[in-house]
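Novice: Going down the list, the sequences are from chains A, B and C.
Position 142, counted from 1, in the first sequence is what the numbering used here calls 178; the numbers after and before it change by one each time, with no gaps.
Position 228, counted from 1, in the second sequence is what the numbering used here calls 231; the numbers after and before it change by one each time, with no gaps.
Position 268, counted from 1, in the third sequence is what the numbering used here calls 270; the numbers after and before it change by one each time, with no gaps.
Everything labelled a hint here was simulated from the structure, so no lab data went into it.
Where hints are given, some of them may not hold.
For each label pair, taking beta carbons as the anchor points, the in silico distance ranges come out as [stated by the list, open to error]:
1. A:Leu-62 x C:Thr-261: 38 to 44 Å
2. C:Ala-35 x A:Phe-194: 40 to 46 Å
3. C:Leu-98 x A:Ala-132: 50 to 56 Å
4. C:Ala-35 x A:His-107: 27 to 33 Å
5. A:Arg-264 x B:Ala-314: 44 to 50 Å
6. C:Thr-261 x A:Ile-347: 51 to 57 Å
7. B:Leu-61 x A:Gly-200: 52 to 58 Å
Cβ coordinates follow ideal geometry from the N, Cα and C atoms, glycine included.
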Amino acid sequence: MAVFITRRLLLNVLVFALISVGIFLLVRAAPGDPVQMMVSPEQLQSGGPAFIAAKRHELGLDQSLVAQYAHWLGGALTGDLGTSFVSRRPVTAMLAERIGPTVELMGVALVVGLVVAIVLGVAAGMRRNSFLDYGATGLSLGAVSLPPFFLGIVGIYFFSLRAGILPSSGMTTPGVSGALDQLRHLVLPGLILALITAGPFTRYVRGGLVDELGADYVRTAEAKGASRARVVVRHALRNSLIPLITVVMYQIPQLLAGAVVIEQVFSWPGMGQLAISSINQQDYPVIIGFALWVAMLVLLCNLIADVLYAIVDPRVSLR
Amino acid sequence: MTGPLLRVRDLSVEFAGEEGTVRAVDGVGFDVAPGEVLGLVGESGSGKSVTAMSVLGLIRPPGRIAGGRVEFRGTDLRTLPEREMRRIRGAEIAMVFQDPMTALNPVLTIGAQIAEAVRLHDRKVSARAARARAADLLRAVGVPDPGQRVRQYPHEFSGGMRQRAMVAMAIANGPALIIADEPTTALDVTVQAQVLALLSTAQRETGAATVLITHDLGVVAEMADRVVVMYAGRVMEHADVRTIFDRPRHPYTRGLLESLPRLDGDAAELPAIPGTPPGMADPPDGCPFHPRCPMARDRCRTERPPLRDVAAGHASACHFHEELGGRGAAAAGEESHA
Amino acid sequence: MTTTSLPRRSGPRGGRPRSRALRRFTRNRPAMAGAVVLAVIVLLAVLAPLIVAHPPDAVNLEAARQGPSARYWLGTDTSGRDVFARTVYAGRVSLLVGLLAAALSVVLGTVLGAVAGLFGRWADTVIMRAADIVMSFPAVVTIMVLAGIVGPSVTILVLAIGVTQWPVAARVVRGVTMSLRDREYLQAARISGARALWLIRTHVVPAALPPVTVTGTLAVAQAIMLETTMSFLGLGVQPPQASWGNMLNDAQNLTLIQTMPWLWIPPGIAIAVTVLAVNFVGDGLRDAVDPRQAAGVRR
């Protein structure tokens, strides 16, 4: 077990290093001089070439690429991702205060999406070609075909503007406090994200269950006199949910992508919104910080998926 | 008890496919007396396993039983509601499957799976008692160190041990009938004999009748009292085991016998039956065996031979069974029907 | 396979696999509906200049904020531009980006998948590990960061989608290649010192063509979705050029959503219908090419 995890860990560290090099080089190759972005035009005007050179030295831009990378990576590993060009605040702090809302959104979507997917997927898998089965197919098709930002606008149009029952943006109403207000703000973005999350999961649960229901051991259980419900729950579902655990871990980063879009539609103050506004302002330190955090999340999810799979499935022996 | 334990009549099973319906079992009938061992013989795809699953009422869509009766202790199982049928499955009629690797649930312990068989039919048994019973059953089928083994998963068992566990599961509720579907096919040759011996012992000790499904006539010779030979979903011949081996009255049975290795024969010269079984969506007209039959005539191509009694307790579905009067007798006869 | 399964059928309605696949496709109603809808969309996009009455970027402040009418079928936006014209022209961009990006991902994936499958060993390990890792990153975020650093443009969009989507095709082609590799003609070819590229062209590509067509079709749907998402986020097609995504972005303000639904309904419906149609066609193709999978499970 320890060897298995260590090997996976080393691989992930390697991948992370490659990604950081990639991002570093990409930023250096990007158009635009960081010095010009960092200092105000007036300073640039008054200081002249000498000022720029001094600033370059201050930022370490006159060193070799390798040295620059080492310096930058050293900072990043100790949690120092630099300061924002725009707000002059530490990037780590900016990301940290945005992670809560994003996690909240993703968490709700994941839980609701999974519950919907398992219930619908099992029903569809047990009664193939039934009304519910077509509903499940429709949901998974809709989830990959309906753009979430369009769904968001449709939701705002009907529930916020026409019916006036749900807020259209933000996490809270200014001046109003309480859990109910927060919950109302969560409904639209949370459910839309849940809907697009449930699509692939439903497909997976249904497919897995249909697969397992055709397995020999299901026939054995039936031959023992087990009821259909027992066969499904105790035997087939148990087996089909094992791969789902890893699928969920792999889907969490995809969920983040959905969250980025949804945050934009509903002005949800999360990491995605921060990333988009930073990109629009060419605030490189924040963009890079965001990218590294996402990379870490992805690799962590992969690692957890591998380990969980090995723990849950008795067939996987760890060597 | 009078009459057979199991009586199958005119059983037909169909599978609906993308390109039409396939009749996998076509008018099959046989009896199994209490305590007797019936060998159900045929190549793969001949409908043996489908027949077995029909007896348990476990044909699932796209398959369906198209007709016939499956009487167990005089009741037609096809008329029983699912709830009643479940009470019979695993308790009165138990099943041993071909591949114990896939037939056991990979994520449940062996003990849990045997205990499940016990508790499904006796709710009064506590979980703990069921687990103890599982260990007893494992010991009974010759699994060493059963106390430890009940906690292991199927992948921690060897093939032979897995099949022993399957047998333990089958005898858990003292069934009157055990259906063993190719119980040794997936096993190593060295283990096959052990599992057969185990089945034999279990059958003797519990007094259960057994339907032994196999493509291996050697297994039949060793175990069976009577034999039903199937081909392309139909019964070709039906007799007691001695008669089948000594006086087969169907060319297909003869072909099977000739492909059997004998102690005094040269293994290299085994004549296999030429050709392959027909695709059953497109069964040949007439006798299903005629494309491969060395004795086939025009009549065989057009007229389907019914299963007829050729002697007491001996039935054959061949137009020209009389030409097979004795083993080795040449199937000479000239074409008699123009 | 268990012995209870169906006997294989070799019926009179056999025919060559390709014509059989075609028949299965034409019998698949959703797939045919998708194909028809898609044909209409492509026709609209190709013939756009002949169809629309107003240039898509023509500002006409006097005609701004008009609802749908005989003159402006889908109304006008805040600058008086014709929403119908913009929707149709946006379709050109989306389809073009979708096709180019999907083609790029399929070509990349085919080459990498074939190399992995042919050479095995470390090449296989490295390529497929890389595929796993690329797949595990959310494409929207990856493209966002790339476009954010390098600067958004249609070119970057196509490249970024191609770079994030190649693993799908790579896996398919690798599978096909591996199954071919052990056949004699490939081994013979290798012994005679034939070049890998030749092997891929003459043996791997023909065998991989049906499954890759399916993957490629589904990749088009995915690419269109990514393009519209990036354009919606302001990181794809840049204004004033119309794209379904940036039209929705333009309409993203409560007053416009409420008072001028003709601004956001047409591009939204256009995305949904197009992606759905491509997905239906892709699913239909897959079922036609691989009926075994169609009968049972879809993953």
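Novice: Now look at each hint and say whether the structure bears it out.
Specialist: Do the hints match the structure? See the list:
In this structure, Leu-62 (chain A) and Thr-261 (chain C) meet the distance hint of 38 to 44 Å, their C-beta atoms being roughly 42 Å apart. The supplied range of 40 to 46 Å is broken by Ala-35 (chain C) and Phe-194 (chain A), whose beta-carbon atoms lie about 27 Å from each other. Taken as a hint, the range 50 to 56 Å is violated for the pair Leu-98 (chain C) and Ala-132 (chain A), whose Cβ atoms sit roughly 41 Å apart. Checked against the hint of 27 to 33 Å, the C-beta distance between Ala-35 (chain C) and His-107 (chain A) comes to roughly 59 Å, which is inconsistent with it.
Between Arg-264 (chain A) and Ala-314 (chain B), the C-beta spacing of about 46 Å keeps the proposed range 44 to 50 Å intact. Between Thr-261 (chain C) and Ile-347 (chain A) the C-beta distance comes to about 55 Å, which sits within the given range of 51 to 57 Å. For Leu-61 (chain B) paired with Gly-200 (chain A), a C-beta distance near 57 Å keeps the hint of 52 to 58 Å intact.
In summary, the numbered hints that this structure violates are 2, 3, 4.
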